Amino acid sequence: MITLTGVRKDYNSDVVIGPVDLTIPEGGVTALVGPNGAGKSTLLTMAGRLLGLDSGTIEIAGYDVTRTDSKDLAKIVSILRQENHFITRLTVRQLVAFGRFPHSKGRLTTTDEEVVSQAIDFLGLSDLEDRYLDQLSGGQRQRAYVAMVLSQDTEYILLDEPLNNLDMRHSVQMMQHLRRAAEELERTIVIVLHDINFAGHYADRICAVKDGAVVEFGTASEILTDEVLTRVFDTPVTVIEGPNGPLAVYY
Amino acid sequence: MAETTTPSPRRSAPATARPERSSRSLPTRRSRIRYWTIVGVLSALAAGFGFGLLTWDNPMPVGSDGFWRIAEMRSTNLVVIAVVAICQSIATVSFQTVTGNRIITPSIMGFEALYVAVQTAGVYFIGVAGVVALQGLPQFMLQTAVMIGFAMVLYGWLLSGRYANLQVMLLIGIVIGGGLASVSTFMQRLLTPSEFDVLAARLFGNIANADASYLPVAIPLCLVAAGLLLVSSRRLDIVALGRDASTSLGMNHRKETIRVLFLVSILMAVSTALVGPMTFLGFLVATLAYQFADTHDHRYVLPLSALTCFVVLSGAYFVMRNIFYAQGVVSIIIELVGGVVFLFVILRKGRL
Numbered sequence: 001m002i003t004l005t006g007v008r009k010d011y012n013s014d015v016v017i018g019p020v021d022l023t024i025p026e027g028g029v030t031a032l033v034g035p036n037g038a039g040k041s042t043l044l045t046m047a048g049r050l051l052g053l054d055s056g057t058i059e060i061a062g063y064d065v066t067r068t069d070s071k072d073l074a075k076i077v078s079i080l081r082q083e084n085h086f087i088t089r090l091t092v093r094q095l096v097a098f099g100r101f102p103h104s105k106g107r108l109t110t111t112d113e114e115v116v117s118q119a120i121d122f123l124g125l126s127d128l129e130d131r132y133l134d135q136l137s138g139g140q141r142q143r144a145y146v147a148m149v150l151s152q153d154t155e156y157i158l159l160d161e162p163l164n165n166l167d168m169r170h171s172v173q174m175m176q177h178l179r180r181a182a183e184e185l186e187r188t189i190v191i192v193l194h195d196i197n198f199a200g201h202y203a204d205r206i207c208a209v210k211d212g213a214v215v216e217f218g219t220a221s222e223i224l225t226d227e228v229l230t231r232v233f234d235t236p237v238t239v240i241e242g243p244n245g246p247l248a249v250y251y
Numbered sequence: 001m002a003e004t005t006t007p008s009p010r011r012s013a014p015a016t017a018r019p020e021r022s023s024r025s026l027p028t029r030r031s032r033i034r035y036w037t038i039v040g041v042l043s044a045l046a047a048g049f050g051f052g053l054l055t056w057d058n059p060m061p062v063g064s065d066g067f068w069r070i071a072e073m074r075s076t077n078l079v080v081i082a083v084v085a086i087c088q089s090i091a092t093v094s095f096q097t098v099t100g101n102r103i104i105t106p107s108i109m110g111f112e113a114l115y116v117a118v119q120t121a122g123v124y125f126i127g128v129a130g131v132v133a134l135q136g137l138p139q140f141m142l143q144t145a146v147m148i149g150f151a152m153v154l155y156g157w158l159l160s161g162r163y164a165n166l167q168v169m170l171l172i173g174i175v176i177g178g179g180l181a182s183v184s185t186f187m188q189r190l191l192t193p194s195e196f197d198v199l200a201a202r203l204f205g206n207i208a209n210a211d212a213s214y215l216p217v218a219i220p221l222c223l224v225a226a227g228l229l230l231v232s233s234r235r236l237d238i239v240a241l242g243r244d245a246s247t248s249l250g251m252n253h254r255k256e257t258i259r260v261l262f263l264v265s266i267l268m269a270v271s272t273a274l275v276g277p278m279t280f281l282g283f284l285v286a287t288l289a290y291q292f293a294d295t296h297d298h299r300y301v302l303p304l305s306a307l308t309c310f311v312v313l314s315g316a317y318f319v320m321r322n323i324f325y326a327q328g329v330v331s332i333i334i335e336l337v338g339g340v341v342f343l344f345v346i347l348r349k350g351r352l
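Note that the protein sequences, when read in sequence, are chains A and B.
Quick note: the first sequence uses our numbering, first residue 1, plus one each step.
Quick note: the second sequence uses our numbering, first residue 1, plus one each step.
Read the hints as simulated data drawn from the structure, not as lab findings.
Please note: incorrect hints may appear among the correct ones.
[Said to hold, decoys possible] Calculated pairs, DSS-like style, for lysine-lysine (alpha carbon to alpha carbon, straight line, at most 30 angstroms):
| id | chain 1 | residue 1 | chain 2 | residue 2 |
| --- | --- | --- | --- | --- |
| 1 | A | K105 | A | K71 |
| 2 | A | K75 | B | K255 |
| 3 | B | K255 | A | K71 |
| 4 | A | K105 | A | K75 |
| 5 | B | K255 | A | K105 |
Since we're looking at a predicted model, the values are computed, not measured.
Kindly generate the complete structure, drawing on both the sequences and the hints.
As structure tokens, then:
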């Protein structure tokens, strides 16, 4: 369970995130949606302790993220930012192996190697594992980053717009991978998404953020309505019944 | 070992043909052979240059008492070269790692500008006697301490504030360095030619600048700082992933960065106070070491960079001393030959 209580971040007197109170239950995929600049990524990065909060508390599985030792948190929660650029030249496998650092401190055991192999296989990267990251396409690289997060073997996984820059096919594959991770590996995945239809189809719960506050939180069917989406995104949205569930039409 | 370099589909390969899927830093047999071959060649070169420096042009018959005495005196230079090599290489590789930038060197943080300013001020205010006044063990220790203090104030102030930012820290370091350099240039304009001449000799990286009496302080400082960085190789690997990724992996990124920068400042201060500015050396050997090692793993890169640095430095010193008879002024040849080698390697490989 991820609990945000009175969380606040002041960028300047005009831009204030929060105070946010939110409880994200265990299990499944929770999508954070909302317009640009609403504070989705800010909330996610604060939960992942990459950004400090100005007031309030965030607890993940009962651990206060600002007080708990980063080393211990790294075994509970992992976070992947939108932009990942490493100066080091790594193979896919070496990158994924870094995910084991919180457990092995860099001395990989046989068990660690097995977990790394599983993460790589899980995301279908087995044939690419000896390739260098700069030899991969954007979609493959994104999968490699997610494999690294999976090999960290944390119950909670926070992803900031993992579909950024992915085409249709890779976006769908990525969401399918994440769904499987939530179901088969029983992870709790919180993900920032831009496309409301992806959120509607793949997420168990949707949290709508607007102007630094959580305005809606519920299941996909609760959020995917004309009234809610029009209000959240400040743009006329019509929800129609598609072949695989509701579809938001906004163009 | 039965590992193959051909990209065979590993599922269909029998379990014994592919022993394990391993995340080693040197993943293939070929890369391991390559690494150790390079280590071997560099070691041979290091030994060759070291031996050459001790024995070349030694007027006494080999094996005689006088021969050994001369070799012993020359061995001080060799120790200085080793200290500087370790300092410059380990400091630069670590600095590049924590700043996430492969094309800078710690000397841009104002260490050398500070050294130049101190030396120039000495001559400016006291005259030629100033150079002498700045020599000696207490002065060496003081100068080292000032440089470390300067670096720590800068890092501590810039990395712990609300707007803590490495890029800002680098920029301010460069600006301060530039400011100090222009103050030095200004003072140098006002010196008499003879004073300037004396000063200029101190401002080239020069092995002969080093005083053997500094070594009892310089060696332990260098070994402890370099040792601590080597021991934290695995953490440096993580730090190299950047702030966000390393935090997610449970690393206290800011604390680790300041710790590494502190050790880097010790190494740079020792090296600069010992032999003077070596701006290009660290950058050159760090880049070469990454090309040679071809891995991200600091456990392989750091020792290789120190070895490379020793070869470059002793080679340059050997050439300067025995071919050009320009004892010790190594920074000139390092920048010339090093620059060419560097361009060659980069252009051939096409990446940093």
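A quick look at each hint next to the structure:
Proposed proximity of A:K105 and A:K71 is supported: the alpha carbons are some 10 angstroms apart, at most 30 angstroms. Proposed proximity of A:K75 and B:K255 is supported: the alpha carbons are some 20 angstroms apart, at most 30 angstroms. Restraint check for B:K255 and A:K71: satisfied, since their Cα atoms lie roughly 13 angstroms apart, inside the 30 angstroms limit. Between the alpha carbons of A:K105 and A:K75 the distance comes to roughly 12 angstroms, so the proposed pair stays at or under 30 angstroms and holds.
With a CA separation close to 17 angstroms, the supplied pair B:K255 and A:K105 stays within the 30 angstroms bound.
Every hint from the earlier list agrees with this structure, and none is contradicted.
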